[in-house]
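On the provided structure of chain A, position chain B as indicated by the hints.
Residue numbers (the UniProt record's numbering), protein chains in the order written: chain A, 1 to 214; chain B, 1 to 214.
It is possible that part of the hints are untrue.
[Said to hold, decoys possible] Ranges of calculated distance between the beta carbons of each label pair, as one might list FRET restraints: (1) A:G15 to B:E45: 36 to 44 Å; (2) A:A48 to B:R149: 53 to 61 Å; (3) B:E39 to A:Y60: 26 to 34 Å; (4) A:D65 to B:E31: 47 to 55 Å; (5) A:R149 to B:A162: 51 to 59 Å; (6) B:P62 to A:A206: 45 to 53 Å; (7) A:E73 to B:R104: 36 to 44 Å; (8) B:S95 to A:R42: 20 to 28 Å; (9) B:L167 to A:A56: 35 to 43 Å; (10) A:G163 to B:G198: 17 to 25 Å; (11) B:E73 to A:K36: 32 to 40 Å.
No lab work stands behind these hints, which were simulated from the structure alone. Computed from a predicted structure; not experimentally measured. Using N, Cα and C, we set each Cβ at its ideal position, and we do this for glycine too.
There are 2 protein chains.
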Amino acid sequence: MRTVTAAQTRPTTRGERARARPREILAAARELFARKGFETARMDEVAAAVGVTKPAVYRYFPSKDRLIEALLEEDLAEPARAVVRWVDEHPGPISDMVAGFSERVEQLQSTGLTRRYLMLAMDEAGRRPEIAGFIRREVLAPGLVALARAFERAMTRGELAAGNDPLLMARLFYAPFLQTSLGAVGYALPMDDAVERGHYRAFHVAAFLRAFAP
Amino acid sequence: MRTVTAAQTRPTTRGERARARPREILAAARELFARKGFETARMDEVAAAVGVTKPAVYRYFPSKDRLIEALLEEDLAEPARAVVRWVDEHPGPISDMVAGFSERVEQLQSTGLTRRYLMLAMDEAGRRPEIAGFIRREVLAPGLVALARAFERAMTRGELAAGNDPLLMARLFYAPFLQTSLGAVGYALPMDDAVERGHYRAFHVAAFLRAFAP
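With the rest of the complex left out, here is chain A (with noise of 0.2 Å):
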């Protein structure tokens, strides 16, 4: 699946707007959810953004929480394996992959529609785990398991001190990116401005490096 805008889908013919149902029934739910948020947002308003019935949403997406799935999935765990491919991909030296995961993490997070959608993730997680769970096997999951690799293969080039849990060190070196999503939500000290987290990044990764330097 790909991310399309409004724009992308004026279909013209009977077979073509068929075809691009799904892609406008999430385009309207991404509005609508992003505006309204996953609890308030009903299926007959998206339905109506659309101007298709109740049951014609529900014949792509037999529920809401598929529906919320299929957006988590276009914009935040593709984007995500697109980071993991990269740190999987990355020669070293290790200075520069962390430095680079954190500029593409401060993307992800500065990143108008995908900071919306942390922060419903944040506030509906109480209510709806399965957002939490999403999260947590499609993007965090990956993401540390990526990082734990890349700290092996330094290790093993002689990049890092040998002998650490690369596990451990990935949690922790994550540890700080979290703090600063969650900022936006108001349960950690808040960090909203790009260059103040660009500061604590950048000192953040100075001092990891430091602390496992060979």
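Same frame as chain A, now just chain B:
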């Protein structure tokens, strides 16, 4: 205000009963909120549990928000202030302080009631930003500032490398603790096992001290 158990709140005379009333209400609300959540639990259920009318509850706590705040004050803010005092009075060395801080946070995070409140606060932060605001103002901010002061003193004593921003150090030191408390609500990768958390905290404390060694 002090935390009291139900057994301690059995007043006998009419005057004693009136004086004990706020404590009885808090004890009943604590039990009810922890069981049903801040959102679902109703003020008339609190009243029923104490055996008084709803207006009697409102006489002491003019809104549910004020009642929640009184509970968070006793169960989170007071213990947090004790940790802050301990940090402020710690003479060093800094390695002892960070290890001791880590143990104290673990005590807070693993205590059933506090852990339940952290989970509740996270679950309902989206709907009740005043809860997130209270925790930020009364728990997180004072803790970070106390840590920053301690790191600054340790730099002066020559126990940490000079020239680093103590507030950024405090934020960085705190990130993994936030991460382990979040684990409970399922948004971060869970770390519900106390032994696993202890292992992670020790790993983090050692890495932090290496990163900022003189």
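ask   = Quick check: which numbered hints come out false for this structure?
value = 1, 4, 5, 8, 9
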